[in-house]
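Undergrad: Heads up: the sequence lines are chains S and V, in that order. If you're matching positions, the first sequence starts at 3 in my numbering and goes up one per residue. If you're matching positions, the second sequence starts at 3 in my numbering and goes up one per residue.
It is possible that some hints are incorrect.
Since the list gives no way to pick one copy over another, a pair counts as held whenever it fits inside one copy or between any two copies.
Capping the alpha-carbon separation at 20 Å, the derived lysine to aspartate or glutamate pairs in EDC-like fashion look like this [as the list claims (entries may be wrong)]: (1) K126 <-> D326; (2) K327 <-> D130; (3) K438 <-> E204; (4) K146 <-> E105; (5) K438 <-> D400; (6) K101 <-> E75; (7) K35 <-> D104; (8) K311 <-> E439; (9) K289 <-> E53; (10) K278 <-> E53; (11) K7 <-> D411.
Calculated from the structure, these hints are not laboratory results.
Protein chains: 2
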Amino acid sequence: MKNDKITSRDVDFAKWYTDVVFAAHLASYTGVKGCIAIEPNGYAIWERMQEILDKKFKELGHVNCQMPVLIPESLLKKEGELVEGFAPEVAWVTMGGSKELDERLCIRPTSETMFSDYYASHVKSYKDLPMLYNQWCNVLRWEKETRPFLRSREFLWQEGHTIHETSEEAEKETRQMMEVYKWFHHEILAIPSITGLKTEKEKFAGAEYTLTNEALMYNGVSLQCGTSHYFGQKFSKAYDIKFRNRQNELEYVYQTSWGTTTRMIGGLIMVHSDDKGLVLPPRIAPKQVAIIPIFKTEKVLAKCEKIKKELEKNSISCYIDLTDKSAGFKFAEAEVNGIPVRIEVGERDLDNNKITFVRRDTSVKYTEALDIDIPTYVKNLLETIQHDMYERALKRRDELTFTAKNLEDVENIMNKQPGFIKADWCGSLECEMKMKEIKGTKSRCIVENAKPLTGKCVVCGNDAKHLVIWGQQY
Amino acid sequence: MKNDKITSRDVDFAKWYTDVVFAAHLASYTGVKGCIAIEPNGYAIWERMQEILDKKFKELGHVNCQMPVLIPESLLKKEGELVEGFAPEVAWVTMGGSKELDERLCIRPTSETMFSDYYASHVKSYKDLPMLYNQWCNVLRWEKETRPFLRSREFLWQEGHTIHETSEEAEKETRQMMEVYKWFHHEILAIPSITGLKTEKEKFAGAEYTLTNEALMYNGVSLQCGTSHYFGQKFSKAYDIKFRNRQNELEYVYQTSWGTTTRMIGGLIMVHSDDKGLVLPPRIAPKQVAIIPIFKTEKVLAKCEKIKKELEKNSISCYIDLTDKSAGFKFAEAEVNGIPVRIEVGERDLDNNKITFVRRDTSVKYTEALDIDIPTYVKNLLETIQHDMYERALKRRDELTFTAKNLEDVENIMNKQPGFIKADWCGSLECEMKMKEIKGTKSRCIVENAKPLTGKCVVCGNDAKHLVIWGQQY
Numbered sequence: 003m004k005n006d007k008i009t010s011r012d013v014d015f016a017k018w019y020t021d022v023v024f025a026a027h028l029a030s031y032t033g034v035k036g037c038i039a040i041e042p043n044g045y046a047i048w049e050r051m052q053e054i055l056d057k058k059f060k061e062l063g064h065v066n067c068q069m070p071v072l073i074p075e076s077l078l079k080k081e082g083e084l085v086e087g088f089a090p091e092v093a094w095v096t097m098g099g100s101k102e103l104d105e106r107l108c109i110r111p112t113s114e115t116m117f118s119d120y121y122a123s124h125v126k127s128y129k130d131l132p133m134l135y136n137q138w139c140n141v142l143r144w145e146k147e148t149r150p151f152l153r154s155r156e157f158l159w160q161e162g163h164t165i166h167e168t169s170e171e172a173e174k175e176t177r178q179m180m181e182v183y184k185w186f187h188h189e190i191l192a193i194p195s196i197t198g199l200k201t202e203k204e205k206f207a208g209a210e211y212t213l214t215n216e217a218l219m220y221n222g223v224s225l226q227c228g229t230s231h232y233f234g235q236k237f238s239k240a241y242d243i244k245f246r247n248r249q250n251e252l253e254y255v256y257q258t259s260w261g262t263t264t265r266m267i268g269g270l271i272m273v274h275s276d277d278k279g280l281v282l283p284p285r286i287a288p289k290q291v292a293i294i295p296i297f298k299t300e301k302v303l304a305k306c307e308k309i310k311k312e313l314e315k316n317s318i319s320c321y322i323d324l325t326d327k328s329a330g331f332k333f334a335e336a337e338v339n340g341i342p343v344r345i346e347v348g349e350r351d352l353d354n355n356k357i358t359f360v361r362r363d364t365s366v367k368y369t370e371a372l373d374i375d376i377p378t379y380v381k382n383l384l385e386t387i388q389h390d391m392y393e394r395a396l397k398r399r400d401e402l403t404f405t406a407k408n409l410e411d412v413e414n415i416m417n418k419q420p421g422f423i424k425a426d427w428c429g430s431l432e433c434e435m436k437m438k439e440i441k442g443t444k445s446r447c448i449v450e451n452a453k454p455l456t457g458k459c460v461v462c463g464n465d466a467k468h469l470v471i472w473g474q475q476y
Numbered sequence: 003m004k005n006d007k008i009t010s011r012d013v014d015f016a017k018w019y020t021d022v023v024f025a026a027h028l029a030s031y032t033g034v035k036g037c038i039a040i041e042p043n044g045y046a047i048w049e050r051m052q053e054i055l056d057k058k059f060k061e062l063g064h065v066n067c068q069m070p071v072l073i074p075e076s077l078l079k080k081e082g083e084l085v086e087g088f089a090p091e092v093a094w095v096t097m098g099g100s101k102e103l104d105e106r107l108c109i110r111p112t113s114e115t116m117f118s119d120y121y122a123s124h125v126k127s128y129k130d131l132p133m134l135y136n137q138w139c140n141v142l143r144w145e146k147e148t149r150p151f152l153r154s155r156e157f158l159w160q161e162g163h164t165i166h167e168t169s170e171e172a173e174k175e176t177r178q179m180m181e182v183y184k185w186f187h188h189e190i191l192a193i194p195s196i197t198g199l200k201t202e203k204e205k206f207a208g209a210e211y212t213l214t215n216e217a218l219m220y221n222g223v224s225l226q227c228g229t230s231h232y233f234g235q236k237f238s239k240a241y242d243i244k245f246r247n248r249q250n251e252l253e254y255v256y257q258t259s260w261g262t263t264t265r266m267i268g269g270l271i272m273v274h275s276d277d278k279g280l281v282l283p284p285r286i287a288p289k290q291v292a293i294i295p296i297f298k299t300e301k302v303l304a305k306c307e308k309i310k311k312e313l314e315k316n317s318i319s320c321y322i323d324l325t326d327k328s329a330g331f332k333f334a335e336a337e338v339n340g341i342p343v344r345i346e347v348g349e350r351d352l353d354n355n356k357i358t359f360v361r362r363d364t365s366v367k368y369t370e371a372l373d374i375d376i377p378t379y380v381k382n383l384l385e386t387i388q389h390d391m392y393e394r395a396l397k398r399r400d401e402l403t404f405t406a407k408n409l410e411d412v413e414n415i416m417n418k419q420p421g422f423i424k425a426d427w428c429g430s431l432e433c434e435m436k437m438k439e440i441k442g443t444k445s446r447c448i449v450e451n452a453k454p455l456t457g458k459c460v461v462c463g464n465d466a467k468h469l470v471i472w473g474q475q476y
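Let the sequences and hints guide you as you build the complete structure.
TA: Written out as C-alpha cells, the structure reads:
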C-alpha cells in the first residue's frame, strides 16, 4: 500500500527521502537553522547503532571518555592543516554570560585537538601505551546546505582517538577500525559498502592517510559511512605528545582517529526503504516485530501477550499495538516505521487455528498453523529478511557499478544513471578535478592492491597508478 | 595504606576531594577554563549510571530523543522566568564560520525551550498524550567557580520532558520521577538522600514547584542530586502547546521536567571515599572485582582465568591485572580506583589451598579455602559491602542531622560541624535570607506532611508553616 504522505522514490528521490524521514517520525526540523530534532523513532536506531558498535569497540580494548565541547582558538590553531580544513565551518562562542571572552572558543567540529592536548599531559612512558579512547558526543559544523541526518550542522557521532608506541601498531589500528565499520555495514545494516584509501585531495585535514567506507544509495549516489585516519606523528609533533620509549629516549607517539555518525541512519533509509516508508534490517531494528490484534477481544489479546512473552524470551524485540486505531491503520503504521515483521492476530484466524506473518521488505504474507513454534519461525524469518535485504542491496550496487576507460564513458554513464564508476587514475590532482566537472564526479576511494582496468588514466591517458571508485556524493 | 597523592579527608576536605578525583583518574583539567575531561574511569561510572537509569526510565514508558544543542535567543526569551534564571550564565554563539550571525544562539543550559517548541508543533489531540521524552546530553552554564563534577561549565546529564492531558497525571509523573531518583540513590549509589519540596526562592526558574533529592556529604555539606519540576501550564502557555481535549476544546498541556547529572559522581566520592582513594558501591562499580596474580606463574594465571570466567558467568564484572607492576602496586591501584573486592592469587596460597579476598570499604582480609564456591562467596560479599556502605552513610547522615529551635541553635551547630538542620519556618523570604547569613545556610527542602518541631519559625518566632531541612550546599 502506497503511503499518501510519501512521494514515490522513482519520481523524486530527494523529496521521497525527506518524506520518509518525517512520515516515520525519525526527525523533524527545529527553530534552529540546519539542526534537527532526532525523534524517538530515529534516536532508537541510533541507540541500537551505539549499542552494537560500543560493544565491539570495547571488545577490542577501547574505553570511553568525554572531552569538552569547546575548543580555545589557540589550541585549534596548533595543527595547521586541521585549522585550514575546519576553521571555515565552525561556530564561535564569543560571550559567556554578559561578558565578551578574551579568547573565543569554537564548538568542536571534531576533537583531535582536545585529545592531543589531553594525551600530551597524560602519556609518560611506552608502558602507558597504547591509549585507546573513544567518545560518543555531538559535534557542529557550520554547513550551508543541510539535509536531515545526511548533513546537518549538529550531528551525533563517535570519535575514536588512539595513540601508540609504533607506526606499525597505529596503522594496524587504523585498518582494524575500518574493518569494524565494514563489518557493521555488511552484517548489521545490510549495506554492501566498499572500503579503500582516500586521495590526497579527499583525505582528512591533517592525516597521513584516510581509509573510508563508501556505500551506494538506491539512486546511485555515494555516501561516506565511516572513516579511519592514520596521523603518524603529525599531531603528536604539533601538540608535543612525547613518551619515553624502550630505549629510554623521548619519542613522538603515533596516532589514529576514526568515526561514524548519525548519517548512517540516512544511509539505511536510502539503501533499503521504499514508497511505503522505512524498511529496517532486523539486526538494527529497535523493534523487530509488531504484534497487531485485529480486534481487541479477550482471546486475541491473550494470544498477543503469549506471543510477546515467547518472542522476548528468545531475545526478539517486539510490541503489541494496543491503540484504538483500526487494524488497517496499525498495519500502515508498522509499515511506515519499518518494523521487519508484522504478526496479525484475529479472532476468526484463531478459530481456524491460523496466524499471519507479513514481511515488511517484500510485503509477502504467510498464513501458518497456530501450533508452529512461533519464536523459531520468526527468528528464521528475521534472518531471511536480513539476508535478502543485503542481497538486494548488493544486486542494486552491482547493477549501478560501471567501468569507464575514458571521459566519454564517464559522461555517458553519469548522464544516464549515476553509480560507482571504476576507472584507472594517474594520481594527479588535475585529472581528479577534471572528473569533478562531469556532474560532480569525485573520487570515492582508491581500491588497494587492485589490478588496473586498462593501465591508463581515465582522464589524461597517461600511465595509471591506481584503480579508483568514482561517484557523486552526499 | 594511606595514598601519598591524597590529602587526608579530615585535614582538608576540598583538597582531599580533588586529590581523589585525580588519583583515581576520574577526570582532569583541560585547556578550557571550567571544563573537565571525564577520563575513562570516571566515564565508566557515568555509563553505569546511564545504563541503570535509562532502563528504569524506559520501563516507565519514556523514550529517548535528541534536541539541538543551540537555542536561538528569541526562543529562549519566550518564558520570562526561565530567561531571568539562566540568561546570566549561558554561552553565546555569535559567529558561524566567518560570518556574524543575525541572531545569536546560546548553548543549551537546559532544554525546556527546545522541547516546548517541538511539542507545540507535534501534539494535536489528547490521543497523542502523554509524550514522555528524555535526552542524554551535554549542557553548559557559565559558572564562575568550578570544581570537577560538582560544578563545571559543561556537564553531562539526562533531562526528561513530558507533557500530559491533566494536571493530576503530570503531578504524578513529577513525583514518580523523584521516587526514581531516590530509589537510585538509596539502592544503587548507597546514598541515603532525603526528598522534599524546594522553597519558592530555590525552585527551578519557571516551575510551579520543584521536588528535590538532597544528599549529605561526609563533611556535612549538602548536594542536590536530582530535581523534578512540575510546570503546570506555564511553559505550554508561553510556547503555545495546545491539544484538543476529550470535550473537543483546545487546552494547554500540563508539563514536567526532571534531571540528574554527572555531579552524582562527585556525590559518590564525597559520601563514600576515604584517604586511600575512591570507594565504589558494588552496584555502581564498573568493575566489581580485581583479580591480582601475586606472581604471574602459569599455575597462578590459570587460576585467575578460571575465577574470571566463573565470576563473569555469574554476572560479576571483573578484570585480571596482568601488568608488570609489583603486587603491592597493583593492590594500591585497585584500592585508589575503588574496586569493591580484590582477590589475591598467589603460588604459595594455592599450594596451601588458600585464596584471599579483601574488601575495599573496610580493608578487611578474608583468607578462605580454595574449594569454596567463589562466585557465590563474592556475590554475598558484594551484597554485604553494598548494605554496609549504605548503613555507614546513613549513620553519618543521622549523626550530622541536627534540630534547631532558634538562630542561636543554628549558629552553634554551623560553627561546630555543619550538617542537615531540621527547623520550622514561617515561609517568608526574609527569614530564609536571614538563615543564609549564618555561614550560607540555605533551605534544602521542605519536608512534606511533617509534624512541626516547635510550631514556631526558627528565625522570627512567628507561626511556622513548614518543617524545613537546612544546610550548606555545593
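Undergrad: The structure should be examined with respect to each hint, and the outcome stated for every one.
TA: Results for each hint:
1. In this assembly of identical chains, the alpha carbons of K126 and D326 lie at most 20 Å apart only when taken from different copies (16 Å versus 64 Å within one copy).
2. For a Cα distance limit of 20 Å, the shortest separation of K327 from D130 across copies, 12 Å, qualifies, whereas the shortest one inside one copy, 60 Å, does not.
3. In this homomeric assembly, K438 and E204 come within 20 Å of each other (Cα to Cα) only inside a single copy, at 12 Å, whereas the closest approach across copies is 61 Å.
4. Taking identical chains as interchangeable, the C-alpha atoms of K146 and E105 lie at most 20 Å apart only when they sit on different chains, with a minimum of 16 Å there against 25 Å within one chain.
5. Within a single copy, K438 and D400 get their C-alpha atoms no closer than 22 Å, and across copies no closer than 73 Å, so neither meets the 20 Å cut-off.
6. Within a single copy, K101 and E75 get their C-alpha atoms as close as 17 Å, and across copies as close as 16 Å, so both meet the 20 Å cut-off.
7. With identical chains, the CA atoms of K35 and D104 are at most 20 Å apart between copies only, with a shortest distance of 12 Å across copies and 28 Å within one.
8. Taking the shortest alpha-carbon separations for K311 and E439, neither the intra-copy value of 58 Å nor the inter-copy value of 60 Å comes in at or below 20 Å.
9. For the homomeric pair K289 and E53, the shortest alpha-carbon distances inside one copy (14 Å) and between copies (19 Å) are both at most 20 Å.
10. Proximity of K278 to E53 under the C-alpha cut-off of 20 Å is found in neither arrangement, the shortest distances being 28 Å within a copy and 34 Å between copies.
11. Neither within a single protomer nor between protomers do K7 and D411 lie at most 20 Å apart by alpha-carbon distance, with minima of 38 Å and 70 Å respectively.
Consistency note: the structure conflicts with the earlier hints numbered 5, 8, 10 and 11.
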